[in-house]
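Trainee: The primary structure of each chain is shown beneath.
Protein chains: 2
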Amino acid sequence: MNIDGKPYRTIWLGADGVSAEIIDQTKLPFALEIVALCTLEDAAHAIASMQVRGAPLIGATAAYGVALAMADDASDAGLARACEVLAATRPTAVNLRWALDEMVAELQPLPADARVAGAFARAAEICDEDVETCRRIGEHGVGLIEAHAAHKGGETVNILTHCNAGWLATVDWGTALAPIYQAFDRGVPVHVWVDETRPRNQGASLTAFELGAHGVPHTIVADNAGGHLMQAGLVDLCLVGTDRTTANGDVANKIGTYLKALAAKDNGVQFFVALPHSTIDWTLEDGADIPIEQRDPGEVTHMTGQLPGGQVATVAVAPPGSHAANYAFDVTPRGS
Amino acid sequence: MNIDGKPYRTIWLGADGVSAEIIDQTKLPFALEIVALCTLEDAAHAIASMQVRGAPLIGATAAYGVALAMADDASDAGLARACEVLAATRPTAVNLRWALDEMVAELQPLPADARVAGAFARAAEICDEDVETCRRIGEHGVGLIEAHAAHKGGETVNILTHCNAGWLATVDWGTALAPIYQAFDRGVPVHVWVDETRPRNQGASLTAFELGAHGVPHTIVADNAGGHLMQAGLVDLCLVGTDRTTANGDVANKIGTYLKALAAKDNGVQFFVALPHSTIDWTLEDGADIPIEQRDPGEVTHMTGQLPGGQVATVAVAPPGSHAANYAFDVTPRGS
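Those protein sequence lines, which keep their order, are chains A and B. Per my numbering, the first sequence starts with residue 1, numbered consecutively. Per my numbering, the second sequence starts with residue 1, numbered consecutively.
One thing to keep in mind: the hints can contain errors.
To spell it out: a stretch of chain A is covered by chain B in this simulated footprint if at least three of its residues, at any positions, have a beta carbon under 8 Å from a beta carbon of chain B; those stretches are [what the hints assert, rightly or not]:
1) 200-211
2) 221-233
3) 262-270
4) 298-308
Keep in mind that the hints were calculated from the coordinates and are not lab data. Just so it is clear, CB atoms sit at the ideal spot from N, CA and C, and this is done for glycine as well.
Looking at chain A on its own, in the form it has when it is part of the complex (with noise of 0.2 Å):
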């Protein structure tokens, strides 16, 4: 998508054909700084650090991990050390150690001296089947929204969207923000509710950022407002991501989402998830067999922003000592 006109993925090859290059999403809504990735450490410390985040993005970056670790060393040793390190830097990302797998079995096979061609050009082909995944899914959905679209005799369609399921979370497009993108691109009038998605924000951060930057209309709320929202009407369509989808529908999505879509229920409005086939769990039956990961309770006590300065602070907004918890996803049954 674009930042000010100019089209970005959040992943590339370096202009020397040897690097990869990032956006540093730590850095955002504040700044927009651009990061070259050399050496397998540069991928595990860009992973870990969360400076990329998102399943796919995760993926696409572990994949030029591995490519960066052949460059320096192409034994199956400097394979295995180069999988060993990129798993370790987040545990329990399904989708790192699927791109982990996809270059052991495309490089496994090739002898030393062309497995670093052979990285590089399976890794951008993993970003750009990611890009193609996304990019359908926007197909497939935009005609939800051009359907409401010719309902309203052309007025603007208003989508409510939780958390950020956008570009910035794979390589480009989105899941659940890749229909909102093909219907602006298309003139097709929109704007978002972005819930500001406590406690780490990204709807305010991140959605925001990307939907400002690419230029969608869209507007900010407490994540407590989007019930009155559906009520007074002002709802048309709520679209959102997942985390983890079972086999009967359930939906894992951040935490929140189901509280969303007890009040489109309630009122009426349409409520879909957006979702690549590599999300669907099919060993879980349903929601319940998920288990719901705790994070630091410090997310919610405390908050991170800009100052006035230009500086980026953290903020206690709790008494001192106060206990919280934070729980990271809930469970959004089925549609019944």
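Starting from the structure of chain A, add chain B where the hints point.
Mentor: Structure of chain B alone, referenced to chain A:
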């Protein structure tokens, strides 16, 4: 209620008998500062700058404001001026105008030389009446909590609350929190899930502060978490306050209340609204008639808290120039 074992109200007569003292709530939860109100202007400033907030406490402060004015000028003109100055501080606060009317009704018939004593006496009475109202809300509600405790065989009763409907919003006890304080004081094991309550964070700051100061076990959660907590069986009942309740029982309360009510309904969790009679607006038939105030969008895009050095600062959490909307309340339809 207690702060570190010492009983407090939110407003009380100063030791000199001709001033009032308040807890400066703009300094909470990071500092407990007592401010003396010695003049009409002090009282007006306390209300306008939100050193005091919550309808009952605003009313009580206005009553003391009239008393302070009488000490300076007990003439009819002085009384009229006091009412004018105080009424202008928060133009939409119904309770403020009610308290001023009470004071005028009390003082108008009195000779000027009896007005100072009369005004301080009536202000104290207004405070005592509020305390008694809230105490009785607690008495009325504590049985709900005790019933859960009995049903659970003495296991901890988990109560979810939204925003701050505690003693800091009233003179003492609070509304939604009054039954919880009474249960706690009787030795019933309780634990409160405190919604942080974006965008002004009254839960994370005020509710967590007052529960902690009195010793009531509690955990701050993001507003997004309540649905998951109820799905997981971690909430026995919800208790909230209300800003305005219509004749048919629809409840306007802090934005996000409706979403929690939907989750309670979906999970078979009891949901109660604690309110004094004065909050019922008999002139409105149902919730659709309640205008929903929009506040400064900066409350969504910026966050105030304490820097590691102890200084209070405001940080931006959204991209510069982002558009945001800030709906203050939503309407929860009466139970069906």
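Trainee: Next, verify each hint and record whether it holds.
Mentor: Okay, the hints, checked on the actual structure:
For the stretch 200-211 of chain A, the proposed coverage by chain B is satisfied: 5 residues have a C-beta within less than 8 Å of a C-beta in that chain, meeting the threshold of three. Here's how the stretch 221-233 of chain A fares: 11 of its residues keep a CB closer than 8 Å to some CB of chain B, so the rule of at least three is met and the hint holds. Chain B is given as covering the stretch 262-270 of chain A, and this holds because 3 residues of the stretch bring a CB closer than 8 Å to a CB of that chain, at least three being needed. Residues of the stretch 298-308 of chain A lying with their CB closer than 8 Å to a CB of chain B number 9, which satisfies the three-residue condition for coverage.
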